[in-house]
Amino acid sequence: MGRILLCLCCLAASLGAHAGEVLVAVAANFTAPMKEIAASFEGATGHRARLAFGSTGKLYAQIRNGAPFEVLLAADSETPAQLEALGLTVAGTRSSYAIGRLALWSPDPARVDAAGRVLADGSIRRLALANPQLAPYGRAAEQTLRALGLWQSLRARLVLAESISQSYQFIASGNVPLGFVALSQIVRGGALQSGSAWRVPDDLFGPLRQDLVLLRPGEHSPAAAALLRFMASPDAHRVLRDYGYEVPR
Amino acid sequence: MPELTLAPEDWQAIALTAKLAAVTLSILFVIGVPLAWWLARTRSRLGSLVSALVAVPLVLPPTVLGFYLLVLLGPQGPVGRLTEALGLGLLPFSFPGLVVASTLFSLPFVVQPLQATFSAIGERMLEVAATLGAGPFDTFWHVVLPLSRPGLLSAAVLGFAHTLGEFGVVLMIGGNIPGRTQVLSIAIYNRVEAFEYAHAHLLAGGLLAFSFVALLALQFINRAGVGAPGMLRGGA
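Each protein sequence line maps, in turn, to chains V and F.
Using the numbering used here, read the first sequence as starting at 143 and increasing by one per residue.
Using the numbering used here, read the second sequence as starting at 34 and increasing by one per residue.
Watch out, some of these pointers could steer you wrong.
[Claimed, not checked] Calculated pairs, EDC-like style, for lysine to aspartate or glutamate (alpha carbon to alpha carbon, straight line, at most 16 Å):
#1 V:Lys177 - F:Glu229
#2 V:Lys177 - F:Asp43
#3 V:Lys177 - F:Glu42
[As the list claims (entries may be wrong)] Covered stretches of chain F (in silico footprint by chain V; criterion: 3 or more residues with CB under 8 Å from a CB of chain V, positions within the stretch not fixed):
#4 98 to 105
#5 121 to 129
#6 180 to 190
#7 214 to 226
[Claimed, not checked] Simulated restraints on C-beta separations:
#8 V:Arg267 - F:Gly80: 52 to 60 Å
#9 V:Arg268 - F:Val112: 54 to 62 Å
#10 F:Val97 - V:Ala181: 32 to 40 Å
#11 V:Leu290 - F:Val246: 49 to 57 Å
#12 V:Pro349 - F:Val246: 44 to 52 Å
#13 V:Asp263 - F:Ala149: 56 to 64 Å
#14 F:Val246 - V:Arg391: 48 to 56 Å
#15 V:Gly234 - F:Trp71: 55 to 63 Å
#16 V:Gly234 - F:Gly239: 23 to 31 Å
#17 V:Ala161 - F:Val112: 31 to 39 Å
#18 F:Ala55 - V:Arg299: 30 to 38 Å
Simulated from the structure, these hints should not be mistaken for lab results.
Beta carbons are placed, not taken as given, at the ideal position from N, Cα and C, and that holds for glycine.
Build out the structure end to end from the sequences listed, making use of the hints.
Structural data, given as structure tokens:
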């Protein structure tokens, strides 16, 4: 009851501007952090964020075909740029809201060493990663293996997932002993949740910038504008770090 | 261990799914029964063409079908332009859009069992009815439909269950919008993407149990139907 009252007070205090609703298309790999960010956004501004999750490629197809989304949080930087080129966004609203980190992970606490030497020791029979042609994290994993000079030797042992979520599921279910995942999938509160992992250094792959953009249907929405501002706030940044993302700039 | 109960958004998804399955099934019967009857009786080549068309959703991957529907019903698509010109607005990302997509996608699951059942009714039965002075509609209503009870039941359960579990098409055409187009299968996907596996298991388990009970009930009812020769009493 006390909590409800407190929420009501916060809401009342922030209702100076009209409380509105914003419909946000969110890349599936950002589901968990965005749920937290949306909750604190609602607490801080009184606006409500309605979240629709999907793979960035599907969201792109839907936006091109008239989806009513007001804001897009993509898993890459290319998709918002393409939508901008098509004139489906509000000019000058594109920016990075998070930078992803790549990790080599195994649920077995003794499998992956802190320097990632396991990749080169010849013991790997199967290695999971997202399909480099479909997913930004897959491309980063390929770049990493190429930078280490291991792409050719490991190529026949790769198990390609259709998304970074599927890569995680392949490994977590024990079907593939180790593989590349997003750091955000295995880290909470800045600490590894289970197993063993190697955080891949940034200089081995191109930056995994996740960009957002204001879409046409959200052009005049105060709630959409408020969400764009909130994504760059310390509250949002705290959630990002908690999930192993880097804060842009 | 956090307590595990269904959130309001889960109930919303369950209600939406039940509504979608019920509306879709009603439309499927209105379209499917006459269509299957025609397919079972016609000898024209058009019949083969329509049969093949009805079966296409069985072959196409759901996301592919969903993508084509999205383009077809979208603002640049021919159907989208038509619905806009008629003042109906655009179908994608709305409940009516989900109904249209689910109807197309589940059509073979209703038409095929019905067609098989209707085909199994011999010409003789229809001729006898006609000799006794029954008109075509009369015959259909009082002879064909009662004889087809197991087929109608199979079609209903398959159509309903298939609509409940569908994912790829509704995700594409619906856009995963909470309260509007977020059905149960998509709610499960969201829970998995959010690492809320316990919650995902709960929803998936519920869906599985419900579908299993529905299919089991169908088996019992069908068996009871076969065991009762009383069904043919009227004709014998």
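Here is how each hint holds up against the structure:
1. V:Lys177 - F:Glu229: The hint holds at about 12 Å.
2. V:Lys177 - F:Asp43: Distance of about 15 Å is within 16 Å: holds.
3. V:Lys177 - F:Glu42: Holds - the C-alpha atoms of Glu42 (chain F) and Lys177 (chain V) are around 13 Å apart, at most 16 Å.
4. 98 to 105: holds (count 3)
5. 121 to 129: Holds: 3 residues of the stretch 121 to 129 of chain F have a Cβ under 8 Å from chain V.
6. 180 to 190: Violated, because only 0 residues of the stretch 180 to 190 of chain F bring their Cβ atoms closer than 8 Å to Cβ atoms of chain V.
7. 214 to 226: holds (count 5)
8. V:Arg267 - F:Gly80: 52 to 60 Å: 53 Å, holds
9. V:Arg268 - F:Val112: 54 to 62 Å: At roughly 45 Å between Cβ atoms, Val112 (chain F) and Arg268 (chain V) fall outside 54 to 62 Å, so the hint is violated.
10. F:Val97 - V:Ala181: 32 to 40 Å: With a Cβ separation near 36 Å, Val97 (chain F) and Ala181 (chain V) satisfy 32 to 40 Å, so the hint holds.
11. V:Leu290 - F:Val246: 49 to 57 Å: 53 Å, holds
12. V:Pro349 - F:Val246: 44 to 52 Å: Given range 44 to 52 Å: holds, Cβ gap about 51 Å.
13. V:Asp263 - F:Ala149: 56 to 64 Å: 59 Å, holds
14. F:Val246 - V:Arg391: 48 to 56 Å: 55 Å, holds
15. V:Gly234 - F:Trp71: 55 to 63 Å: For Trp71 (chain F) against Gly234 (chain V), whose Cβ atoms are near 58 Å apart, the range 55 to 63 Å holds.
16. V:Gly234 - F:Gly239: 23 to 31 Å: With a Cβ separation near 46 Å, Gly234 (chain V) and Gly239 (chain F) fall outside 23 to 31 Å, so the hint is violated.
17. V:Ala161 - F:Val112: 31 to 39 Å: This hint holds: roughly 37 Å between Cβ atoms.
18. F:Ala55 - V:Arg299: 30 to 38 Å: 49 Å, violated
The structure is inconsistent with the numbered hints 6, 9, 16, 18, although it conforms to all the rest.
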